[in-house]
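Enquirer: On the provided structure of chain A, position chains B and C as indicated by the hints.
One letter stands for each residue in the lines below.
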Amino acid sequence: MERPRHQGMTKNTFMRWRLPLVCLVWEVAMIILFGVFVRFSPEADAHWEEEKRKMNLTSDIENDFYFRYPSFQDVHVMIFVGFGFLMMFLKRYGFGAVGFNFLLAAFGIQWALLMQGWFHSFKSGKILVGVENLINADFCVGSVCIAFGAILGKTSPIQLLVMTLFQVTLFAVNEYILLNLLHVKDAGGSMTIHTFGAYFGLTVTRILYRPNLEQSKDKQGSVYHSDLFAMIGTLYLWMYWPSFNSAISEHGDAQHRAAINTYCSLAACVLTTMAFSSMLQKKGKLDMVHIQNATLAGGVAVGTSAEMMLTPYGSLIVGFICGIVSTVGYVYLTPFLESRLHIQDTCGIHNLHAMPGLIGGIVGAITAAAATEDVYGKEGFIKAFDFTGTYKTRTPSIQGGFQAAGIVVSVLMAFAGGALVGAILKLPVWGDPAAENCFEDDVYWEVPEDEESDVYHMHHPDKPASP
Amino acid sequence: MERPRHQGMTKNTFMRWRLPLVCLVWEVAMIILFGVFVRFSPEADAHWEEEKRKMNLTSDIENDFYFRYPSFQDVHVMIFVGFGFLMMFLKRYGFGAVGFNFLLAAFGIQWALLMQGWFHSFKSGKILVGVENLINADFCVGSVCIAFGAILGKTSPIQLLVMTLFQVTLFAVNEYILLNLLHVKDAGGSMTIHTFGAYFGLTVTRILYRPNLEQSKDKQGSVYHSDLFAMIGTLYLWMYWPSFNSAISEHGDAQHRAAINTYCSLAACVLTTMAFSSMLQKKGKLDMVHIQNATLAGGVAVGTSAEMMLTPYGSLIVGFICGIVSTVGYVYLTPFLESRLHIQDTCGIHNLHAMPGLIGGIVGAITAAAATEDVYGKEGFIKAFDFTGTYKTRTPSIQGGFQAAGIVVSVLMAFAGGALVGAILKLPVWGDPAAENCFEDDVYWEVPEDEESDVYHMHHPDKPASP
Amino acid sequence: MERPRHQGMTKNTFMRWRLPLVCLVWEVAMIILFGVFVRFSPEADAHWEEEKRKMNLTSDIENDFYFRYPSFQDVHVMIFVGFGFLMMFLKRYGFGAVGFNFLLAAFGIQWALLMQGWFHSFKSGKILVGVENLINADFCVGSVCIAFGAILGKTSPIQLLVMTLFQVTLFAVNEYILLNLLHVKDAGGSMTIHTFGAYFGLTVTRILYRPNLEQSKDKQGSVYHSDLFAMIGTLYLWMYWPSFNSAISEHGDAQHRAAINTYCSLAACVLTTMAFSSMLQKKGKLDMVHIQNATLAGGVAVGTSAEMMLTPYGSLIVGFICGIVSTVGYVYLTPFLESRLHIQDTCGIHNLHAMPGLIGGIVGAITAAAATEDVYGKEGFIKAFDFTGTYKTRTPSIQGGFQAAGIVVSVLMAFAGGALVGAILKLPVWGDPAAENCFEDDVYWEVPEDEESDVYHMHHPDKPASP
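Same order as they appear, the protein sequences are chains A, B and C. UniProt numbering numbers the first residue of the first sequence as 1 and each following residue consecutively. UniProt numbering numbers the first residue of the second sequence as 1 and each following residue consecutively. UniProt numbering numbers the first residue of the third sequence as 1 and each following residue consecutively.
So that you can see chain A by itself, here it is in the shape it has in the complex (with noise of 0.2 Å):
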């Protein structure tokens, strides 16, 4: 059996049996409930052409598939690529990176198909499947993506694949609440996937703090090509984030609108974080961290209001003030989480999602409040904000209200659910590793050989080579 070379807390991260096991079960329980529930949405069903006659549609250009497969595929990347290289700066963190992020998204896309599914798409007994769904489950696998952000090098595969098991749940069972029973707007997911994402996994770390973690602290940095390789996953988040932000949206102007104002708090984004980086070290020196990921909160904080009528000039405010907060974050307030509230976040997620995330809810409710028939026009005014059937009466301050309580309701739900997993991923067999071994690829993964002596020497280099 294998133990980890430093004896000091020995703790067994052997996965032989119990890796195999927890994948290979649950994904025969994926296919038994595939089997039992899903089925393809009319759209992908052989039965198209009868449909098409029944929607009275006249070319097949009109599927739902040309208006959103292209932001499908972009949003797929940002997902496996983005996340999983973004979170690959770790020096010795690479394989795990880019590794259980494959995993665990993997299983989450299958799984959310099924949450979302029952909750939105169920239809006589079945839940039909789009190209909608395959977003949506990129979307909620999205905030399980950032959950392990804060966890990342700290935790098993085997603690990754049941956090995912309940965070979707959770992410479904919230974003129910938010978009059928609050009747919110969230298109890009400012509070469903940022926030609730966010807070759910800063509860978790906060719950699995390990006081020892400086035992390894001279793997929580980077080296120079593991800040090039994260640069791939910061840019393609950063490029496709527009696709994100407009993916759901409804066809014709509120995705294309969507898209524009992400593009520019985007753009403004980058901006102040240059500016408060250079700002707010010594020497005035750009730091690798916060370009890789406080360009991107600009894209979080207009996940609410992307596709409402936020203007090109609201998105650059938006995407300036988060630039600012995210970095500012970063210099102060992540050693700040990590000392007084034992809060260890690896990768900073709470710059770069909660609190942005929580501006873009807010964002979200002072934009809805601030809607007119004037500026959306009578029919875009409705079709923005769904005023139809129960919702006709509502108006746009009573609609604020309610995208501030989806606010709350999902950090609540964060809070709880975050420290329920966190305890059920505290139990002591899921084979995380020890405070020693943290940020270390060695522990789960097979390493080329060569590599181990000379990361050997770059941490001991007061020792000879060949002993």
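Some hints here could point you the wrong way.
Just so you know, same-sequence chains aren't split out, so a pair can sit in one copy or run between any two.
[As the list claims (entries may be wrong)] Calculated cross-link-like contacts (lysine to any residue; reagent style SDA-like; alpha-carbon spacing at most 20 Å):
id: 1; residue 1: K282; residue 2: F14
id: 2; residue 1: K52; residue 2: H251
id: 3; residue 1: K11; residue 2: K426
id: 4; residue 1: K52; residue 2: I382
id: 5; residue 1: K282; residue 2: P448
id: 6; residue 1: K219; residue 2: V447
id: 7; residue 1: K378; residue 2: Y209
id: 8; residue 1: K426; residue 2: V408
id: 9; residue 1: K219; residue 2: A29
Keep in mind the hints are simulated off the structure, nothing from the lab.
Expert: For chains B and C alone, coordinates are given in the frame of chain A:
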């Protein structure tokens, strides 16, 4: 004249006149053949306005460009970044992996436009080219990239160009037999691309067997960073595979369905790959070779059936099985093939493309044979299998038989073609490297002066390089 | 205050107050100008439902968003990942390459939305912004990224921002002269983007000539991994170039045709680049510099003509020639320009953008002059060259003349603008690095500390770390 540094078995790898000659003469040939044969399809021609009236289309959005261009770009990324980076795992063959892949694919798509054009888009003496042809050319080249994986690191760029010339030709013939003569469905190319490409490559590498390859054993492995580069390739292949399998399906539901099925199969595949990767290693650690490759087997294996009513749970089952088969293949079959059958398969294409390709062909045959009007709808049934004209009376079970025949034809064509091409490549005129220089960029590339001394010098400019 | 470590020629590169000031003040200016001027185009505005009726559109799919958004995203990737990573080839300038490119592009797109908006989308006092504007802004910034290539590693981030401010302005003026006054076609920007951007950058670098640049010669090269990172940039530029050249072409056949022509030109270009790279090196080995750059020349050179009836074989010929011209340029012209004309062109933009841009302008002029109603069809002819209104009577040969004039105007504007901006950047207030600190991230970036020692140790395991 350049000679390899080790003199054990001197080979002339000097490319200066041979490679330019081949490149220039072949490119001139392409220009002449394109001049004689290739013109724009009506949808890309400036006469489109007239065409639109003729086809009774009311909007430019119904130009095939808008149905297929986003998928085309995804496929394009898979060929050049996907394959190019996936093969970058070797520690000293990054330039060759991405550079030679670039070269052979750039030549291959031109030659494929001609070969496939003569068979499929030839009208009144001209090949009419549109976006679908570009996708098909990329597909064809995909099969060459697969074969390249088997001989990676052991061949000269000229050999690769010669192989591309022949393989593209044979691919087009095989594709014609399958799609036109047997009237087989194979939108994602389980048979035409993967099975054919893989067995072709395996036959070639068998014939080029190098008994002394262990002389370069030290370069056959990966290093930490090369594994991370390879993950870029893996993830782009994985993420965009739904585009690959749906790119040339019928407009509407078929494209939509193919994307969903592929998405599901790939997700399941990740879980079983991780499970078996851990299970088959004594210490229970995950192996990057499996993660980089076997996670993709699910995409290969629904290549034929993705556009059919395979259903999401059917896709999960296929992905489940293929993750296992492929991972087990890497652990047990690859060493066996090398030691017993003398098949030196650098990238393990037997596990990623050959076996999953066969499974894909079989799944396609079964899914076709099991098709009913009930499941597909009357119109959908005819549309899905194109049971019109000569094929009006074909039944699903007969179709299943023809699908099975398509597998056999592909394998036989691959063996015969691979044997022929292998024999040609064995001629001692192509400048392949000596056994001890395999997997080494230095043979064909200007490699930056070695990391070692230059980093040393960069930071210690005052010290001499060789102590 | 930070001072460079070597004291040979002390320069004040302290950014702490200057960079933040520029970033914040300029971003505030953007917000104010956006607030005054920028609104959504009708297709992105919530009044779209009314607009749809006015334009007699029956489906949301005819919103320009669906015609152009996938191409926009590809272009976006080219600007941020394409250029950012292509310039990462230097061994110690990866942060600067990708980070400064990120900064200037994020600022540039905002300023370009305004400048281009005033010239092209200004209606009743407002700039109406839609997806096409986003693409055009990326295009405009593309020309700045090109110029950045010439001065890469030798400038401070403030200088880059100042250059961006001026270059975007001049770009918009030049573009207005070409497209509106001369009524020139240039969809892929051979003239407006490449010729203008390259000669602008070359003029700037000439004026900023550093006689002592050989002091940082050891850092001007690449290392193995930096070359692989650069290939990410190359491939994304290469793969998405068909989207670049077709992104703002007319809906339908023109977009379709532009993509096909560009695809063909780029494919041919790879072959001749490889041929000449091998041929021009004594040992016949391929040079990554050529593969990274010259393979892209074919995309530049069909920038003007791609949407015309250039035909696939015409595209192959253009790509064929440009691969040769560009590679020969790297081998012979770049050293000559540096030694004789004192043009220090870090990335060789003269070979990748200037010469192919000129060729592209000429090919465009010829293709336009050779246009006939027979080839284009009556309607297609008028549509392709927009021979309506004032230009109703313009003939192809006259159009060809105007196209040629466009080249001349672009070059002259580039020289004049580059001289002006170069003079401004020469002022000793912008914090540029000393000659011996060029091509070194350490000047403006927090660089992870321990690289140094660990690389040292990796390769010299037998030596102690601290000498």
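Enquirer: Checking K282 and P448: alpha-carbon separation at most 20 Å within a copy, between copies, both or neither?
Expert: between (39 Å within a copy, 16 Å between copies)
Enquirer: Is it within a copy, between copies, both, or neither that the alpha carbon of K52 lies no farther than 20 Å from that of H251?
Expert: both (17 Å within a copy, 13 Å between copies)
Enquirer: Using 20 Å as the alpha-carbon threshold, which applies to K219 and V447: within, between, both, or neither?
Expert: Both: 15 Å inside a chain and 16 Å across chains, each within 20 Å.
Enquirer: Between copies, within a copy, both or neither: which fits K11 and K426 at Cα up to 20 Å?
Expert: Within one copy only: 13 Å inside a chain, 54 Å across chains, cut-off 20 Å.
Enquirer: Since the copies are identical, ignore which copy is meant and state whether K426 and V408 lie within 20 Å (CA to CA) inside a copy, between copies, both or neither.
Expert: Answer is neither; intra-copy 27 Å and inter-copy 54 Å both fail.
Enquirer: With identical chains, the pair K52 and I382 could be close in the same copy or across copies; at 20 Å between alpha carbons, which is it: within, between, both, or neither?
Expert: between (26 Å within a copy, 16 Å between copies)
Enquirer: What label fits K378 with Y209 when the C-alpha limit is 20 Å: within, between, both, or neither?
Expert: Close neither inside one copy (53 Å) nor across copies (61 Å); limit 20 Å.
Enquirer: Checking an output row: K282 and F14, CA cutoff 20 Å. Within, between, both or neither?
Expert: between (45 Å within a copy, 10 Å between copies)
Enquirer: Tell me, please, which holds for K219 and A29 at an alpha-carbon limit of 20 Å: within, between, both or neither?
Expert: So K219 and A29 fail the 20 Å test inside a copy (37 Å) and across (42 Å) alike.
In this structure, the hints that do not hold are numbers 7, 8, 9, in rising order.
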